[in-house]
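> Sequence:
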Amino acid sequence: MKKSILLGITLLFLVACASSESTERNSEEPGLMNKLIEKASSEEGQKAIKMGKEKLQDPETQEKLKGIMSKDKKKKDPMSLPGQ
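Quick note on numbering: the sequence shown equals residues -18 to -1, 1 to 66 in mature numbering (1 follows the signal peptide of the UniProt record, and there is no 0).
Calculated from the structure, these hints are not laboratory results. All C-beta atoms, glycine included, are put in the ideal place defined by N, C-alpha and C. Keep in mind that a hint or two might mislead.
To be verified - Here are the simulated PhoX-like cross-link-like pairs (lysine-lysine), alpha carbons at most 20 Å apart as the crow flies:
#: 1; residue 1: Lys46; residue 2: Lys57
#: 2; residue 1: Lys55; residue 2: Lys37
#: 3; residue 1: Lys46; residue 2: Lys35
#: 4; residue 1: Lys56; residue 2: Lys46
#: 5; residue 1: Lys35; residue 2: Lys21
What the hints assert, rightly or not - Quick list of the computed label-pair ranges, beta carbon to beta carbon:
#: 6; residue 1: Cys(-2); residue 2: Glu26; range: 34 to 42 Å
#: 7; residue 1: Ser24; residue 2: Gly(-11); range: 44 to 52 Å
#: 8; residue 1: Gly27; residue 2: Lys56; range: 31 to 39 Å
#: 9; residue 1: Gly34; residue 2: Leu14; range: 38 to 46 Å
#: 10; residue 1: Phe(-6); residue 2: Gly27; range: 35 to 43 Å
#: 11; residue 1: Ser24; residue 2: Lys46; range: 24 to 32 Å
#: 12; residue 1: Ser(-15); residue 2: Ala22; range: 41 to 49 Å
#: 13; residue 1: Leu(-12); residue 2: Ala30; range: 40 to 48 Å
Using the sequences plus the hints, can you model the full thing?
Next up, the structure:
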């Protein structure tokens, strides 16, 4: 009982601190999302997006991604045995 009350108070404190920090940062400087949108809208960002799209169309890159994804699925599968 005491642990759950202590945990609840701690969580409330963390949420209160996190929310106050975010409002302070928003008033001083643009947020991370605004910076990302601004960067993506720039000429340099558009070039990078275009290159990324072209790279994703490459069959070799697609095979690498499929290999990575299959490895991740094997790691996350709780029914798979180690060493398979």
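> Could you check the hint for me, namely that Ser24 and Gly(-11) are 44 to 52 Å apart, CB to CB?
For Gly(-11) against Ser24, whose Cβ atoms are near 45 Å apart, the range 44 to 52 Å holds.
> Please work out if Lys46 and Lys57 have their alpha carbons no farther apart than 20 Å.
Measuring from Cα to Cα gives roughly 17 Å; hence the hint holds.
> So does Cys(-2) sit 34 to 42 Å from Glu26, Cβ to Cβ?
With a Cβ separation near 36 Å, Cys(-2) and Glu26 satisfy 34 to 42 Å, so the hint holds.
> Quick one: are Gly34 and Leu14 within 38 to 46 Å, going by C-beta?
Hint violated: Cβ distance 19 Å, outside 38 to 46 Å.
> Lys46 and Lys35 were given as a pair; does the straight-line alpha-carbon distance stay at or below 20 Å?
holds, 15 Å
> Tell me if the straight-line CA distance from Lys55 to Lys37 falls inside 20 Å.
violated, 23 Å
> Does the Cβ pair Ser(-15), Ala22 satisfy 41 to 49 Å?
holds, 44 Å
> Check whether the Cα positions of Lys35 and Lys21 lie no farther apart than 20 Å.
holds, 17 Å
> Cβ-Cβ distance between Gly27 and Lys56: within 31 to 39 Å?
Because 35 Å falls inside the window, the suggested range holds.
> Against the range 24 to 32 Å, how does the distance between the Cβ atoms of Ser24 and Lys46 compare: consistent or not?
holds, 29 Å
> Measuring from beta carbon to beta carbon, are Phe(-6) and Gly27 in 35 to 43 Å?
This hint holds: roughly 39 Å between Cβ atoms.
> Should the hint that Leu(-12) and Ala30 are 40 to 48 Å apart at their CB atoms be regarded as holding?
Since the Cβ atoms of Leu(-12) and Ala30 sit about 43 Å apart, the hinted range of 40 to 48 Å holds.
Checked against the numbered hints given earlier, the structure breaks hints 2 and 9 and satisfies all the rest.
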